[in-house]
Amino acid sequence: MTHTLHRRGTLENLANDYVVFAMSAKGINEKDSANRMREFMRIAQRYNPVNMGDMKTGNAYSVGMERVIADIKDTSIVHAVFTELETVAKVVQEVKEAELGISVIISGLFDSAKGCCQKTGLTLHTIEHSLDIWGKTEKLAPQDVLEITTMCGHGMVAGNLVVSMAEDVKAGRLTPEDAAGELAKQCCCGIFNPVRAAELLKAMACRLFP
Amino acid sequence: MKIDSVTCVACGLCVPYCPMGAIKMDEVAVIDADECVECGVCFRSGVCPADCFMEEQHPWPRSVRAVFSNPLSEHKETRVPGRGTEEMKTNDVTGIYRKGLVGMTAEMGRPGVGTRFTDVEKVAKALARAGVEFAAQNPVTYLMVDQDRGKLNPEVLGEKVLSAMIECLVPEEKIPAVVRELTEVAQHIDTVFSLDIITRLQPDGSVPWERILHGLGVSVSINGKSNIGLGRPLAEV
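If you read the sequences in order, they're chains W and G. Letter by letter, the first sequence follows residues 1 to 210 of this note's numbering. Letter by letter, the second sequence follows residues 1001 to 1237 of this note's numbering.
Cut-off 27 Å, straight-line C-alpha distance, at most; resulting in silico cross-link-like pairs (DSS-like, lysine-lysine):
{"no.": "1", "chain 1": "W", "residue 1": "Lys96", "chain 2": "G", "residue 2": "Lys1099"}
{"no.": "2", "chain 1": "G", "residue 1": "Lys1125", "chain 2": "W", "residue 2": "Lys139"}
{"no.": "3", "chain 1": "G", "residue 1": "Lys1024", "chain 2": "W", "residue 2": "Lys170"}
{"no.": "4", "chain 1": "G", "residue 1": "Lys1151", "chain 2": "W", "residue 2": "Lys136"}
{"no.": "5", "chain 1": "W", "residue 1": "Lys119", "chain 2": "G", "residue 2": "Lys1099"}
{"no.": "6", "chain 1": "G", "residue 1": "Lys1099", "chain 2": "W", "residue 2": "Lys26"}
{"no.": "7", "chain 1": "G", "residue 1": "Lys1024", "chain 2": "W", "residue 2": "Lys139"}
{"no.": "8", "chain 1": "G", "residue 1": "Lys1151", "chain 2": "W", "residue 2": "Lys139"}
I should point out that these hints are in silico values taken from the structure, not numbers from a laboratory. Values in this document were obtained by computation on a predicted structure and should not be read as measured data.
Go ahead and model the full structure; you've got the sequences and the hints to work with.
Okay, here's the thing in structure tokens:
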């Protein structure tokens, strides 16, 4: 699955959006990988991610980080979201030194991921690019809504909910952070970036409802 | 998914949570069963103050809706939660994508539009015409009754899902044919698809297809996924 791919945005507003995640390969290095993924998450946790999650359990906003880590299974895919590239570089360095032997992926700006790896003496192995959206694009939500909804690649964050949250922010019923947290709860895997979402919601509230 | 119409308090709070816009307010909240993709967001959100949402187990073929739309549903053959395979995420260990062979995925219905399998089949047929190899461990491939033609089991064609990933292996020299077929079929579907490409980087870090896609006018993202090669045992590709 490509759940962290296809995140829409500009060079500027994608610069604070990095998902670092890990998994084992079925039938190859899967056995007892739960403990290695748990170690990966403990390392990530030390660097204060803005979200964490495992598709099988939930995320920091829905079930809490400790439950996410405790319930990791060999077949899990575990994620941590960061807003600063320097932090990602430190996480990668520590994960490399831990020699966990599971696959690790950085999702974010390619130039940043490449630079981050160079700092730690790694080279990118395999990459995946989005080649845009094809077909009946008139059915799509507006770009500013997509910049938020596409942070959940499984499509669990509804465009209507984003607009509703922006209305609540504008009306003063919710802070941008609380609204972003409600959106983050819907994304089971914990790959939704609530810090970036709060900034985008603030901007949207001003634009949509002047 | 069902709403208990007796206990629903008609507050309308659930309406914006549905990714497909399938919940409407009448006297109480009602779900358009044909538009509902069984993703479970309304149920899991906990937004209903009266706990009115009831998850249902559906028989074939409606059962495919949850498998493709609810990430908590694990595809029983692949044991991968979600809609696709491990693809590039474990390529450092599996070595599926290698020199001369890229991965391409058309993820039907994404973002946020949803798709019927009639449209999934149209795109699968287009890809088959371009000469791709469909990924073995993929739920859409499991639904194919004729992989050479990209034909799906006719029983599922009317079903709607949040998204469905058609994953393929493509020899680099067939990339232009894939783009041509997708450009044509994109005009004949009632939904969208997000397209991607997976590449095992060359030792010098170069991307071999860059010039090809640029020449075909395909937009390539500035962000995406990078496998950093820490998996072991490392595949020799």
